[in-house]
Every structure is written in C-alpha cells, then in structure tokens.
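Spelled out from the first residue to the last, the chains are:
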Amino acid sequence: MEITILQLIINGLLLGGMYALISIGLTLIFGVLEIVNFAHGEFLMLAMYASYFLFQFYGIDPYLSLFIILPLFFLIGIAVQRATIQPILNAPPLNQIFMTVGMSMVLQNVALFFWTADYRTVKTSYSALTLKTEGLMISLPRLVAFFLAMGLIAALLIFLKRTYTGKAIRALAQERKAAMLMGINVYRTYQIAFGIGIACVGAAGAMLIPVYFVFPSVGALFVLIAFVVVILGGYNSLTGSLVGGLIIGVVEAFSGFFISPHLKEAIYFVIFILILLFRPTGLFGRA
Amino acid sequence: MLNLNGVSAHYGDVQALRSVSLAIREGEIVSIIGSNGAGKSTTLNTISGVLRASSGAIEFLGRRIENLYPHQIVDRGVVQIPEGRLLFPYMSILENLELGAFNDKARRTRERNIKTVFSLFPILEERMNQFAGTLSGGEQQMVAIGRGLMAMPKLLMLDEPSLGLAPLMVRQVFETVKAINAQGITVLLVEQNVFHSLSTAARGYVLENGSVVLEGEGKELLNNPQVREAYLGI
Amino acid sequence: MRSIVRNISENGLHPKIYFPFLLVVLMAILPLIPQNPFYEDIIVSSFFYGTMALAWNLVGGFAGQISLGHTAFFGIGAYASTLLYLHYDLSPWLGMLAGAVLSVLVAIGIGIPCFRLKSHFFALATIAIGEVLRYLASYWRGLTQGGVGLLIPFKPGIENFMFKSKLPYAYIALALMLVMLLICYGIRNSRFGFHLISLREDQDAAESLGVKTSRSKLAALIISAFFTSLSGTFYAQYLLFIDPSTLFSLGFSVELALFTIIGGLGTVTGPILGAFMLTPLDVFLRAWLGGVSAGLNFIIYGLVLMVAVKYFPLGIFGWVKSWYDPFLRKLPGGRRPLKTEKAVLPSLVLAKASNPARGRESSPFFEVQSLSKHFGGLVAVRDVSFQIQKGEILGLIGPNGAGKTTIFNLVTGFIPPDSGRVAFQGEPITGLRPPHQVCLKHIGRTFQVVKPFKDMTVLENVMVGAFARVHNAQEAGKLALEILAFIGLAKYQGSLASSLTIADRKRMELGRALATQPKLLLLDEVVAGLNPKETEEIIGIIKKISHQGITIFMIAHVMKAVMALSHRVIVLHHGEKIAEGTPLEISRDKRVIEAYLGEEYLA
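Residue numbers (numbering that gives the first Met the number 0), protein chains in the order written: chain A, 0 to 286; chain B, 0 to 233; chain C, 0 to 602.
For the record, the hints were derived by calculation from the structure and aren't laboratory data. Owing to the predicted nature of the structure, the values given are computational and were not obtained by experimental measurement. Treat the hints loosely; a few may be bogus.
[Said to hold, decoys possible] Within a straight-line C-alpha distance of at most 25 Å, the following computed SDA-like cross-link-like pairs (lysine to any residue) qualify:
hint, chain 1, residue 1, chain 2, residue 2
1, A, Lys160, B, Tyr89
2, A, Lys160, B, Val212
3, C, Lys532, B, Arg227
4, B, Lys104, B, Lys153
5, C, Lys589, B, Ala181
6, A, Lys176, A, Lys263
7, B, Lys104, A, Thr162
8, A, Lys263, C, Thr245
9, A, Lys176, B, Asn222
10, C, Lys532, B, Glu58
11, B, Lys114, B, Ser135
12, A, Lys263, C, Gly148
13, B, Lys104, B, Leu60
14, C, Lys440, C, Leu377
15, B, Lys177, B, Glu110
16, A, Lys160, B, Asp103
17, C, Lys329, C, Ile16
18, C, Lys490, B, Gln14
19, C, Lys543, C, Gln447
20, C, Lys589, B, Asn223
21, C, Lys559, B, Val212
22, B, Lys153, B, Gly132
23, A, Lys263, C, Ile16
24, A, Lys176, B, Gln129
25, C, Lys117, C, Gly148
26, A, Lys176, B, Asn223
27, B, Lys114, B, Arg126
28, A, Lys176, B, His9
29, B, Lys104, A, Lys263
30, B, Lys104, B, Arg62
31, B, Lys104, A, Leu93
32, C, Lys320, C, Val24
[To be verified] Sample of chain C residues facing chain B (criterion: CB under 10 Å; computed from the structure):
hint, residue
33, Ile107
34, Pro398
35, Leu495
36, Gly528
37, Met558
38, Tyr595
For each residue, glycine too, the CB sits at the ideal point set by N, CA and C.
Based on the sequences and whatever the hints tell you, model everything.
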C-alpha cells in the first residue's frame, strides 16, 4: 500500500489535534495553579469510560455525549480542585507531586476494580467510514474529532482573550499578587481554571473512544505524550500546546512509518529530554 | 475612614509589624514613610488582606476587614497600587485597565471609568493596545494608577509610586495623586521619597522596625530633624 | 568510622548502642523462624525493599530530588546480570557488579543534565527515562525477548546465585540492607551528608558555604543507582523471571517513594520502617483483596499516599522517635550518661588573622571596576567601581532598588555580570561561578532574607560552613562550637534552626559564613528587622569580627548601624555610585540627601 507523505502528515495532524486538546488542559492548570497534574490522564480515561457507558446504555453517540461530558467534567474538575489541590497549593513540591500521583493510582485502580482490564471501544455506524480523495484515505471519525477539537480549542482561546473570567485566569497566571489586589477572586479562579482543564481532557476522551480503546491504564499512555507536548510547546503557552500537539502527532506518524511502529514512543521521550535540557521554555514559552 | 488598632503581622516567624495603630480620615492624603524594612509595604499588604494580621483590628468605614479575603476588601473600596507596579506584562494597556474593574459595580461603569483614566493620562489612550511589559517606568506607573482607579476606590493606597522614576515623572505622579484626591478619593501614600510625600500629604506616620515612631502633620514632620536622623543616622 | 568504633567501645553498655545491635541480631534470626514459604517470602521481600527504599531515600530524602524513575536502575541491574548469565555463562555475582557499573554510568548520564531542572520537571524527566527504558526493553526483542520476558533456568548453587531454600536469599538480602544502612548512617553524619541536607534545605545558601551542589547530587545518585541495581540482580535471581513491565513499571517507582514517605523522608531508618510496615501489608492486602479484584490494594496505597503527604509529613519515624528514647532509658544501663566529646569552650582563635601587612601590596584587597548588569531593559548596575582596603568595614547604602543586592550577587557568583572586572587580592574573579567557588576563595556572604537550614540544629548549620575548610566531622564540630561561642549562640547548639528568633537566625547565618574562614565577608542587611537591643548586639559581633582581621563589606538600611560601624561608605542610586567617603562626609553630601529624601528637601 502506497502511503504518501501527505497521508502521513494528515494522519499526524488528526492525531495531533487530540494531543493538543489533552495538553492544553494540562498547560492551563500548570500555568495558573503552578502544579503538574500527574493524574490528568486518569480523567481522560474516566471520560472515555463515561462516553462508552453513555453509548452502551443510552445509545448516545460519543460526539453528542460531549454535551454531557463537558459540563460534567468541568464540575468534576472543580470538585477535585477544592478537595485535593487547594489544600496543597502552598505545600512543598514533594507533597504536590505525590498528591496527584496518589490520585492517579487511586483512579486507575478504581477503574480496574469496577470495569476490569478489558479493552473496550465504541463502534458507531460511521466508525469505519473513510473519505477517499486523490489517493488519500481519511478516517471520518478522526476528521470529525479533529474539527471538534480545534473548535473547542478555539473557543477556549477566545474565552480567555475576551471574557472577564478568561482574562482573570490569564492575569492570575501572569502576576498573582496584582490579580489579588485587583479584586480577582483567586480561589474561585483557581477552581475554574482547573475545571476547564479537566473539561478539555474530558472532551478529548469522548472524542477518542470511537477510534481507540479504553482500559484502566490508558491514561498513563496519553498523559506522558501530553507532558511531552506541554514541554515542547512551552509550559506556559496555550498556543504552544496547540502547535506542539500537532507537531508531536506528525512526528509520531512519520517515525511510526519510517522507523518502527513500536519505537515511535521512545522517539518522543527523547524529544522530551532534549527539550528539557536545551530549551526548557519550549517553542513558545516565556522564561 | 480607616483605623488600624494594634495591628501586628508576621512573615512566617519574623515579626514585620509591631502593634501599629493609625487612622485615616475621609478625604485626607496620609503618608507613611520609613526606611527599607521598616514595614511600610507590610502595612499596606495587611490592610489589603494579602497578608493576614496576626493580631489587632482593621476597620474601614466602621466595619472590620482584617479577616476578609483580598477580593472582598477591594469590593469594599480599598484598592492598593503595589510596589513595582506589577502590571500584567503580556496584556495590553486596555486589558490591564479593564481588569482593574473586577467587581460588579465597577464593571457597569467600566466604559466611563476608562474614559476618565484616559483623560488623566492621555498618552495611555494613544498606546492602548501596546503590551504593558514594553512600557517605560513612568508609563507603567500611570497604567498601574489607572488600573487601581478602575476599581472605583474610596481609599487608594500607593506603595512607593516614585520608585525607579526620573525626577520629572516623580513630580507628575505626585501631581496626579493630588488630582485624584481632589476628586474625593482618600489616599494613603507609602514612600521613601520624604520630601514629595510629606509635602503632598496632610499627615504622616514614620515607621521604624515595624512600629510607629513619629506622627504628625506633613509640614511639621518635614521640618523635624528626627526624620532626617532616621534616614541618615545622624 | 573511627568515631563509631570509639563510641561503641566507650559506651558499649548503653542501650543506645547495644539495642540496635540486638535489633540486628533479631533480624538475623527472623528468617529462621517461619516454616512457611509464604512468610519467608515476606521477610525476604521486606529486607529487599528496605534496601531499595534506603537507596531511594539518598536521592529523594537526603538530597531532596524526587526521582520517579529509579526502576531504571533496577531494571538495568536485572537485565544486565541475567543476559550476561544466559548468553555468556557469567556468574550472576559478577553480572551484578557489571549491572551496577552500567547503572552508575546511566546515572551520570541522566544526572548531569537533569539536576538542573526544578523539582516538578526533574520528576517528569525521571518518569520519561523510566518509560524510555521500558519501551526499549519491550521492543528490543533481539536483546531482551521483549514483553515475553526472560526465564532463568533453575540450577541451584552458590556460583549461580540460586538456592533451593529461601534462607540464603534472606541472608543475602539482609546483608545488603545492613550494608546500605551503614552507608546511609555514615553519610548522614559525614561531610557529604551535611552537604546533601543543606542543598535540600536551601541550595543558594549551601552554595555560598562552599557546597558543590551539582557534584553532591550526582554522588548521591551514583550510590543510589549502584545499590538499586544490585537489588535488581537480586530480584532476578530470586524470582528467576524478569519482564519489562514489572521491572520498569511507574507504579513500582512510586511504591519506592511511598516506603520512604510513610517511613520518614530524609531520616536514616525511616525507609526501613516504611518497608517493614508496608511489605507485609502489601502481601496481605493482595492476598485478601486480590481475590476480590486486582488493584484494590493500589487504591489503598494511593489514598495512603495522599493522606500521608498532607497530614503525616514526618512519617512513622516521627512517631517512633517520640517513644524510642524514653523506651531506651528504661532498659538496663539506660540511666548511664553517655560519654561524649567534652564540649570545649576554647579561647577565641578564629580564622587565623591575616598575616601582618608585609609592606604595601601592589594591588588592592578587593577591587571592582566598571561593573554593569542589566535585566531586559532595566539597567540594574551601571559602571560601578570601588575598592575595599584590607581590614576595613565598607558600607554600601542607597535607596530601595538602587542595585545593592545585585552587586553582591554579581561578585559572589549568583548572577553573571555583563561587563566589568572584579579582583580579589590581585586575582581576577570576574564572573566566577558557581557560588561555591567564590566561597572557596575565602569570600563569604549572608543573605538579605535569612536562609537557615531548618531541619538541622544550630550546630549542624554552622558545621556546614565549617565543612568548607575541614573534612572530618569531628573537627567541623569543634570549629563550629568555637564559632557559636564567638557569636554567643553556644547555648542553642542543639536546638533546631527553625526554633530561633529572627535575630538569632541572623547571628547563626553570620556564624555559618564565618565558619568558612572568609577573609572578606559580605553582609546583606544583617541588621534589618531587629529591635534596638538586638541591633546593638549584632553591631558588637560585627566589630569583633572586624578585630579578627576580617574585611567586611556590608549593605545596610539602618543608618545608625552603618554609621557606627563603617570606616567608609559608598552610596548607590539607580544603579550608579553617586558618592563615596566617610560616614560623616556622606551624611553631609548633597547628592546623598537628595537621593534619600528628595531633591527639593534642601531647597
């Protein structure tokens, strides 16, 4: 089968769109709350399961389930922030790291307990549809997911740029004390930022389930990729996460084809370490 | 309008304020002076709620505020313009100003307030889409003051507004402070520049090592040899 | 080492000494007790995890660098020895060493670049490394048989590091653990240990006291990697089966950290306590709940981790410590006083006063020429030049934001200057970095905001400084005691630094810097925040220091102090030197008065 460069690029971009959506939540959380959410992947996993069960029991199409998933995970994010993150915001890094690491362990194994390690996926009527044009094959669900993801990211960026709450979030990330003095309710803003971050990754989960499998540790797989994207794009830049996600998607497509489908994961870890060493602020980050 | 009674504050285990008491009447300009480390900024931070007072009472317009969150204190009408300006560097002048008007009341009159700020500082209107981080010191100070005004303060507190500014700009800042006060806003001014602050203020307090060591009318303090001693050690 | 032996011989009958021995004997007997392989396995596992936890604690606890990729070394050890045995018939004992050496090399390769990263990012980097190795092991089938794993055929015999019964395994594991424990204990009380803990508490302060922070972190990682790797080989030889997902699992890395956090981060015996408590718990939980569902035990671990991190930062060790000492005193011999080194209150011979002037030296003692530094668009220091004469006290004053601390940071290796020249005793030291180099040249400093090593006692804090000049812990202790007596803190020697008042902390920081035997001492705002009485006391100490022949360069805001102490003063304003002279001259200088009080003041 002939696969052209263009095909690889397209495959990469479609995948990268997902990565971007997952990562942007992580960047937002890190930029505003200054903690690394090691449990980010577990929320992806939970969203995938949620979408799966919504389809199994209620026949709700995963893309439609977004209407439920987005607000639901926003609220989950707020709840988690209040319960576990807020108390340790001023704690030493060790405590912060292990709080989210612990949460990650708990969530993964709760999922294992309730839903076993079986791989599950959602097969809709259009799951296997592909568009064929000019020698290119494009999977329809992936294409839809890509546009939805880009749409959500665009909506997020507009929200942050235009609305008051969005600006408050950006202000808090840039200059905390001044934000406090300007009457910005810091605690509420933290909650909202975290909630948005989780809503993003939740949306990604709903979009992934038609084209991927869910199992308890699927989060671990994606979150590491997300970390690479965040570092590549710049840990305090949202556009960076967008671009970084797309880049990583394309890199994965290419290395999967030219080098080996298995070692492709090792490739972006190497990228990860190289960036941390030589350009820690990433492509778009600010020192 | 504002009363501090026996307020003490700590940074961790270090005591920064020792039982400070001061009073500010409506419509006044009051100045707090003192050398570095004397506790001037700490006083403002404690009033603003950024730092929690470890003891003592702070009363604003008859109500106690020492246990409120910072945003609630801003809601009550006490706004601080922090030392070093602390603008949002990657946002434009306009965005910085808009963010100053966070509480509901201020938001409703936002457009009008922005016009007022621009009339006070015309040069900002010209540059309103420029990133705040690229402005000069004097321009940044203008934005900072403007941003504070957007919150419709009843009491405006300025922390070392003349810091790092050229003499000409310094004079302008103090002129602005007087103009703001003329519009009915009470001002609490923290400064190291003794001359300007004491000549602008009606009354002053001198802080040393976290305690009030002198207080009096602005002009009196200006001529008080003790003040000069405190600064120059002789 | 000598001190341990001496301690034992003199105090042998005190429970503090013999009780740990009893515990060791007890542990040695322990493997003999159960007849059931299930319980034997728990014991072997406890010893084994104890070793790994101790090794992790060196990096995570002592040095404060949270590594979540330690399984990398574990896996390297296991695979190296196994592959060498399977393909080349190399005895696993030798393979064990080979694996350990390989791990050390990998540790160096990882450590040098990654230690530059801040805590969260360091943790991320270590996770990434663990994962890379996992992928390599899973997919390099030619080498490792991939996910299928490697099976070691069972050929019992000591040369094959395989035994029929679990007993030899237990004793090997115990031996390994005891060796690791002794090493950790030795490190804790040695110069190296002090360096590690000081850099964990405050890296900048440690550097200013001559601690080579990068090298120390790397050394800790190397030792940790070595022993983790040995454990990896042991594991392979014990289970006789290895596969990538078990060996390089992230969950395992987290468990390692868990042992130490529960047991007591940064303590010597904490990790063992954690391992001994959690290992049987793990086995029982798995047996009990595993029947219900896999992974339930991990839920509990995760929750325990979250709770422990928030509510029990000291771990089990903190709790055990509170009843351990009283318990010891109840044992026979416990009432006897311990014979320790007599605390010598010496006559005050501090840093050997510099040689009497051998005639005028050609170059000034300390010279700065045209020093400049800008941050972005802001010029912090502009073309500043001055000299310090040997033996004088030079004051540096100026309004807020004038650039004073920046100058300190420029000459002590914390920030590189943009241009200019700095020379000390004729030797150019412009831009000398990192800060520990500056300390080793006999230039010491204190910080504007005090940086005590909170988890150490006052004596230990000063000892860190002393270790810049001596390597032996006992000598460092003596030197530190001298210093404490000199600055008047002798009675606090055993108190934790976190319990001191701000004034005493400033004194301690002075003493700490003094212990590095500086010829030039830079004091940043040492008087700020003190009440008049404390100010008097510290002025007195500074005068004493000056009489010892040490040159002092001090930033101060409290004018009384500056005027009382300084022989000369330089004044900085907006990053430029605007005046220089005696205190009296300065107080009369128009430009200075303008700078502080405003130009119209004199009008």
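Quick rundown of the hints versus the structure:
no.	hint	verdict
1	A:Lys160 <-> B:Tyr89	holds, 12 Å
2	A:Lys160 <-> B:Val212	violated, 48 Å
3	C:Lys532 <-> B:Arg227	holds, 22 Å
4	B:Lys104 <-> B:Lys153	holds, 13 Å
5	C:Lys589 <-> B:Ala181	violated, 34 Å
6	A:Lys176 <-> A:Lys263	violated, 43 Å
7	B:Lys104 <-> A:Thr162	holds, 17 Å
8	A:Lys263 <-> C:Thr245	holds, 21 Å
9	A:Lys176 <-> B:Asn222	violated, 36 Å
10	C:Lys532 <-> B:Glu58	violated, 33 Å
11	B:Lys114 <-> B:Ser135	holds, 22 Å
12	A:Lys263 <-> C:Gly148	holds, 21 Å
13	B:Lys104 <-> B:Leu60	holds, 18 Å
14	C:Lys440 <-> C:Leu377	violated, 31 Å
15	B:Lys177 <-> B:Glu110	holds, 23 Å
16	A:Lys160 <-> B:Asp103	holds, 19 Å
17	C:Lys329 <-> C:Ile16	holds, 14 Å
18	C:Lys490 <-> B:Gln14	holds, 23 Å
19	C:Lys543 <-> C:Gln447	holds, 21 Å
20	C:Lys589 <-> B:Asn223	holds, 18 Å
21	C:Lys559 <-> B:Val212	holds, 15 Å
22	B:Lys153 <-> B:Gly132	violated, 28 Å
23	A:Lys263 <-> C:Ile16	violated, 56 Å
24	A:Lys176 <-> B:Gln129	holds, 22 Å
25	C:Lys117 <-> C:Gly148	violated, 35 Å
26	A:Lys176 <-> B:Asn223	violated, 36 Å
27	B:Lys114 <-> B:Arg126	holds, 14 Å
28	A:Lys176 <-> B:His9	holds, 18 Å
29	B:Lys104 <-> A:Lys263	violated, 55 Å
30	B:Lys104 <-> B:Arg62	holds, 20 Å
31	B:Lys104 <-> A:Leu93	violated, 42 Å
32	C:Lys320 <-> C:Val24	holds, 21 Å
33	Ile107	violated, 38 Å
34	Pro398	holds, 6 Å
35	Leu495	violated, 12 Å
36	Gly528	holds, 6 Å
37	Met558	holds, 3 Å
38	Tyr595	holds, 5 Å
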